[in-house]
Amino acid sequence: MITIDELKQFGANTDEGVARCMGNEEFYLKLVSTVPGQKEFTVLSDKIAEGDLSAAFEAAHALKGVLGNLSLTPLYDKVCEITELLRAKTDTDYSELLKQISDLNEELKLACGK
Amino acid sequence: MKRFRTISNFKKRVLIVDDEDINRQILGNMLSETYDVDFACDGKEAWERLNEDGSDYSLILSDLLMPVMDGFELIEKVKADPVLKAVPIIVITSDKESEVRSIKLGAADFIKKPFGMPDVILARCERIIELYEDNTIIRSAEKDHVTGLYTRDLFFEYVRQIEVHQKTLDMDCLVFNIDHFHLVNEMYGRETGDAILKKVADTITEVMEEHASLACRTEGDSFYLYCEHQEKYEALMDRITEMVGSDQGPAKIRLRAGVYQDADLSLDPETMFDRAKLACDRIKGDYTVTVAYYNKELYQKAIYQEHLIENIDQSIEDEDFKVYFQPKYDITGDTPKLRSAEALIRWNHPELGMISPGEFIPLFESNGLIQKVDNFVWNKAASCIREWKDKYGYSVPVSVNVSRIDIFDSKLEEKLQNILKNNGITEKDLMLEITESAYSDNADSLTEVANRLRDRGFMIEMDDFGSGYSSLNMITTLPIDVLKLDMKFVRNMEKDEKSLKLVELIIGIAGFLDVPVVAEGVETESQLLKLKKMGCQVIQGYYFSRPVPASEFEEFIKKECV
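Sequence order for the protein chains is A and B.
If you read the first sequence in the working numbering, its first letter stands for residue 1, the second for the next number, and so on.
If you read the second sequence in the working numbering, its first letter stands for residue 115, the second for the next number, and so on.
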């Protein structure tokens, strides 16, 4: 399972995340390890590809909540960015932002999978 | 002092509604030490859980954006439910716009995402639960369960608050009362009584809808209304009376109102409403007016009456009340013969001196205290009858007044029987006078009581006959043994032809009913002779004697004995 140090390296604000989990590191890490598998990542890229920005917004918004609560800062920041664009139904090329999110998620997944 | 809930062991239940498992788990982990926590994935599941048997949530924490049923719809459903609306909802959100919308829909508070620190969230949950519980307790105590209006204490509290915040508004205080409401309860049952109270409350609320106002029910059948000043209330009262009257079932009620206008805010609310009540009480039993306005004379009269009310018990104890006797003479023979006497109350007040019965009898009749006076008279009269029997071997029947309220006293017969027993006298010794107006007001119930008393052997005299509104048809069916002619006919019969004719007519009616007529207020020989000629059998009045104390009355007995 991923460690606090690895998460720190990833850029997560682990102090805040753990505090939110009542100081229970194990519980925090367990929750973090479920993040890469969140279906919303797939839904987000699929819905953008389909042009359904409303559905994509819902997925991004849901992810934003979870990532924020776990203080996974780098991912959270990117998801916030895409959430606001989608909220405004901005007609733009999302592929770069989606790739950054996907890469960060992949990085987290690798760390969790070790 | 610690609050009960902080020392109690039982855990309150909290429902967390969020479609994201991670969020549910984080919140659940924060709250589970303090609360029993349940979870739902969306509004629909939450709604189902809330409606499960025995679900008693103290708090709902709900996300807003969720599939199936979102948080907004859940708030709307919960707040529209008469029971569930008491459960506070804290919204979980990251959007400013949603915060405002959810608070407007009825959410109690919101928690931002990402969540703040656990102790802050816990403190917020605790505070909201406490606030809602206190609010629920206050709400259940502030409303009168029969009418839905405020209870008296809360009403006065709100009036005080209005006074503090709305100093520039001219306000009026109104007190509404239902005449003889206790009789409605007795005659038609409490359910009908409650329905009438509710109808009156609803009507007051409806007609006052467009005015700034506040209402409560108090003392069973009184309604207090605090409202923006109006010049006149008669039209409002007519509307209320009409609306209440259109749908009140078998019992016909009469509402009256007392108004204290342009409330003097230096007075406390209770005093202001006492003034309105004073005005309201003044027209009790007066069917010609429905609204009375407070003024200074009324206040002074009330103070005087209050003084009398306060002193009644002491005066009975100290025997400041005296029973006087006025003889009644049988004039059918050549010489008048003492037939009986009427016992009359006099009050020699230690400070106020002799008080006219005209001042205190209507007052005590209006508040029921007349029963104390009546009881006093019955006992005194009975003991005098006994004393005279022992002293002179002579029986003088004495009539005593039986007031309206006595007639509805379920212990009336028992009380009278006890008096007879205690003094060793019979039903024939104590005659009962009931005024004609009491008959016409409550013919059915009165007939029933009078019949029972007659069956026991009491003689019933109808007092002040001619002053009330008995129909000829009613008179023939009433259980009476003696008709007492109202004294104003006798006084006027030599002055105007009409009174004379009426006296003839009434004596004729008595003849038809085969009951003797007693003429009251006879002062002159010529009156006596006229009455005798018309067939009147018994005379009472100054011609023979004014009412006298028992010791003086003995002189009349002595004469008879000789």
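Since the hints were derived computationally from the structure, they do not count as laboratory data.
Worth double-checking, as some hints may not be accurate.
Stated by the list, open to error - PhoX-like, lysine-lysine: derived pairs with alpha carbons at most 25 Å apart: (1) B/Lys366 x B/Lys410; (2) B/Lys257 x B/Lys193; (3) B/Lys158 x A/Lys39; (4) A/Lys99 x A/Lys109; (5) B/Lys505 x B/Lys415; (6) B/Lys647 x B/Lys505; (7) A/Lys8 x B/Lys644; (8) B/Lys436 x B/Lys529; (9) B/Lys525 x B/Lys486; (10) A/Lys89 x B/Lys210; (11) A/Lys30 x A/Lys8; (12) B/Lys646 x A/Lys39; (13) B/Lys312 x B/Lys398; (14) B/Lys602 x B/Lys673; (15) B/Lys451 x B/Lys486; (16) B/Lys226 x A/Lys89; (17) B/Lys602 x B/Lys646; (18) A/Lys30 x B/Lys602.
Values in this document were obtained by computation on a predicted structure and should not be read as measured data.
Okay, the hints, checked on the actual structure:
1. A distance of roughly 33 Å separates the Cα atoms of B/Lys366 and B/Lys410; the hinted pair therefore is violated under the 25 Å criterion.
2. For a cut-off of 25 Å, the pair hint linking B/Lys257 to B/Lys193 stands: about 20 Å separates their Cα positions.
3. Only pairs whose Cα atoms come within 25 Å are accepted, and B/Lys158 paired with A/Lys39 is accepted, the gap being roughly 21 Å.
4. The straight-line distance between the Cα atoms of A/Lys99 and A/Lys109 is roughly 15 Å, inside the 25 Å bound, and the hint therefore holds.
5. Our distance criterion of 25 Å between C-alpha atoms is broken by B/Lys505 and B/Lys415, whose separation comes to about 45 Å.
6. With a CA separation close to 36 Å, the supplied pair B/Lys647 and B/Lys505 exceeds the 25 Å bound.
7. Annotation: proposed proximity of A/Lys8 to B/Lys644 is violated, straight-line Cα distance about 124 Å (limit 25 Å).
8. Annotation: proposed proximity of B/Lys436 to B/Lys529 holds, straight-line Cα distance about 20 Å (limit 25 Å).
9. At roughly 13 Å between alpha-carbon atoms, B/Lys525 and B/Lys486 fall within 25 Å of each other, so this suggested pair holds.
10. Note on A/Lys89 and B/Lys210: the hinted pairing holds, with a Cα-Cα distance of about 18 Å set against a maximum of 25 Å.
11. The hinted pair formed by A/Lys30 and A/Lys8 meets the criterion: a straight-line CA distance of about 15 Å does not exceed 25 Å.
12. Taking the CA atoms of B/Lys646 and A/Lys39, the gap is near 115 Å; set against the 25 Å cutoff, the hint is violated.
13. Under the criterion of a C-alpha separation no larger than 25 Å, the hint pairing B/Lys312 with B/Lys398 is consistent with the structure, at around 21 Å.
14. Between the alpha carbons of B/Lys602 and B/Lys673 the distance comes to roughly 30 Å, so the proposed pair goes past 25 Å and is violated.
15. As the CA atoms of B/Lys451 and B/Lys486 are separated by approximately 33 Å, the hinted pair breaks the 25 Å bound.
16. Between B/Lys226 and A/Lys89 the CA atoms are separated by roughly 23 Å; this keeps the pair inside 25 Å, and the hint holds.
17. Taking the CA atoms of B/Lys602 and B/Lys646, the gap is about 17 Å. The hint holds against a cut of 25 Å.
18. Proximity of A/Lys30 to B/Lys602 is assessed by CA-CA distance (about 103 Å); at most 25 Å being required, the pair is judged violated.
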